[in-house]
Amino acid sequence: GAGVSQSPRYKVAKRGQDVALRCDPISGHVSLFWYQQALGQGPEFLTYFQNEAQLDKSGLPSDRFFAERPEGSVSTLKIQRTQQEDSAVYLCASSFTTVEPSGNTIYFGEGSWLTVV
Amino acid sequence: TQLLEQSPQFLSIQEGENLTVYCNSSSVFSSLQWYRQEPGEGPVLLVTVVTGGEVKKLKRLTFQFGDARKDSSLHITAAQPGDTGLYLCAGVNTGFQKLVFGTGTRLLVSP
Chain A
1 GAGVSQSPRY
11 KVAKRGQDVA
21 LRCDPISGHV
31 SLFWYQQALG
41 QGPEFLTYFQ
51 NEAQLDKSGL
61 PSDRFFAERP
71 EGSVSTLKIQ
81 RTQQEDSAVY
91 LCASSFTTVE
101 PSGNTIYFGE
111 GSWLTVV
Chain P
118 TQLLEQSPQF
128 LSIQEGENLT
138 VYCNSSSVFS
148 SLQWYRQEPG
158 EGPVLLVTVV
168 TGGEVKKLKR
178 LTFQFGDARK
188 DSSLHITAAQ
198 PGDTGLYLCA
208 GVNTGFQKLV
218 FGTGTRLLVS
228 P
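Chains as they are written, first to last, in this note's numbering: chain A, 1 to 117; chain P, 118 to 228.
Pulled out of the complex, with its shape left as it was, chain P reads as follows (with noise of 0.2 angstroms):
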């Protein structure tokens, strides 16, 4: 079975502060999406990287898909409550078409 665990599970900051999640799998994925999930809704796609090394961002939003193809990292600058949510990572396998999500990360931003 492929895990992709997430961390942290859970992270509380401050309007304005700087974050980072991270997702590690030790399977290789051909791509792997960020999604967020807000309560009482299904998630959205956020990106999809598929390069190893590609890194690819949204407004504040930086996403990085590692060398190797195992691991992926999502930061954000300069948090806003608006950001508050479950971000969930996503892995691909070639000639698959069901996604393998990670653990998820609860972000909570205060005013």
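Just chain A, same shape as in the assembly (with noise of 0.2 angstroms):
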């Protein structure tokens, strides 16, 4: 499609197991960013790339998170040794250039819902 992809939809992990969440975004798009959304809440911003450089990874909530973007393209969020609070959707979303200042629309994904048990 022509949409930005994620997979898994949905995932049940237990309590300590390593994740990795995949963000297909759309073909040509250079900025890519995830974003985690708990139940009920806005979501909260982890990581910007733009091609291949992560640029900003302010929102990471520990050394547990851990994204990349080798070629500019497929985007991969890891968590390690998964916790209940980690307990989520994670969005992923892309625009084809700079969201400030170039005004570009970001387009989100349908979201990873992780679940740790």
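Any given hint might turn out to be false.
Said to hold, decoys possible - Have a look at the derived ranges for each label pair, beta carbon to beta carbon:
#1 T105(A) <-> G212(P): 36 to 46 angstroms
#2 Y10(A) <-> Q131(P): 33 to 43 angstroms
#3 E52(A) <-> E155(P): 27 to 37 angstroms
#4 S144(P) <-> V30(A): 22 to 32 angstroms
#5 K78(A) <-> G212(P): 44 to 54 angstroms
#6 S7(A) <-> P228(P): 30 to 40 angstroms
#7 Q131(P) <-> V30(A): 41 to 51 angstroms
#8 R223(P) <-> K78(A): 23 to 33 angstroms
Unchecked claim - Pairs of lysine-lysine residues, derived as DSBU-like cross-links and limited to a Cα-Cα distance of at most 35 angstroms, are as follows:
#9 K187(P) <-> K173(P)
#10 K11(A) <-> K78(A)
#11 K57(A) <-> K187(P)
#12 K78(A) <-> K14(A)
#13 K11(A) <-> K173(P)
#14 K57(A) <-> K11(A)
As the list claims (entries may be wrong) - Looking from chain P toward chain A, a few residues come up when the C-beta cut is under 10 angstroms (computed):
#15 S148
#16 K174
#17 L203
Keep in mind that the hints were calculated from the coordinates and are not lab data. No residue lacks a Cβ here, since even glycine has one placed at the ideal position from N, Cα and C.
With the hints in hand, could you dock these two chains into one complex?
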């Protein structure tokens, strides 16, 4: 499809397990974002890539969270030693170039729902 | 930490009623966006407002950016069941790419 694609859509992980979430942005989009959305809340920023460069990782909650985009297209968000508080929807988003100051629209994927038991 | 507080948190109304959702902050933003999110989906952009005092209309939806660019409102006229969803405001700061999302307003419009 033409939209942002995320996989898996649903993941149940045992506490302490490592998980990897994949994001396929819209083809040609330079900017890629990861957000975390807890149930009933607004999304919270995790990290931002411009092509393969991770320019902002200020939102990553701990060193258990790691994101990469090695070839400037597909991105993976990895969570090591998952904990119950990591349970959330992880949203990936992309835009053609920059949001600020260019004002490009950000397109979100459907999200990966992670439940840690 | 910048906060965008939305009110009300939850709104349940009948089809045909009007409503207003508020998005308030103590911080100034270079622009503000409104999104609607349906269950199991990602947020979808409705509008971006950039200039203080700006008003934009999208069919039955009217968006306003405060003069000081710290707050915004979304007004829906004659709400329909298809308007049901989670409405999110999000601020953008000059020089930064990330969105700062509001706390969200969940709207339920019953037939």
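Evaluated hints:
| no. | hint | result |
| --- | --- | --- |
| 1 | T105(A) <-> G212(P): 36 to 46 angstroms | violated, 19 angstroms |
| 2 | Y10(A) <-> Q131(P): 33 to 43 angstroms | holds, 34 angstroms |
| 3 | E52(A) <-> E155(P): 27 to 37 angstroms | holds, 32 angstroms |
| 4 | S144(P) <-> V30(A): 22 to 32 angstroms | holds, 27 angstroms |
| 5 | K78(A) <-> G212(P): 44 to 54 angstroms | violated, 28 angstroms |
| 6 | S7(A) <-> P228(P): 30 to 40 angstroms | holds, 36 angstroms |
| 7 | Q131(P) <-> V30(A): 41 to 51 angstroms | holds, 45 angstroms |
| 8 | R223(P) <-> K78(A): 23 to 33 angstroms | holds, 31 angstroms |
| 9 | K187(P) <-> K173(P) | holds, 17 angstroms |
| 10 | K11(A) <-> K78(A) | holds, 13 angstroms |
| 11 | K57(A) <-> K187(P) | holds, 25 angstroms |
| 12 | K78(A) <-> K14(A) | holds, 15 angstroms |
| 13 | K11(A) <-> K173(P) | violated, 40 angstroms |
| 14 | K57(A) <-> K11(A) | holds, 23 angstroms |
| 15 | S148 | holds, 7 angstroms |
| 16 | K174 | violated, 18 angstroms |
| 17 | L203 | holds, 8 angstroms |
Hints 1, 5, 13, 16 from the list above are not met by this structure, while the remaining hints are.
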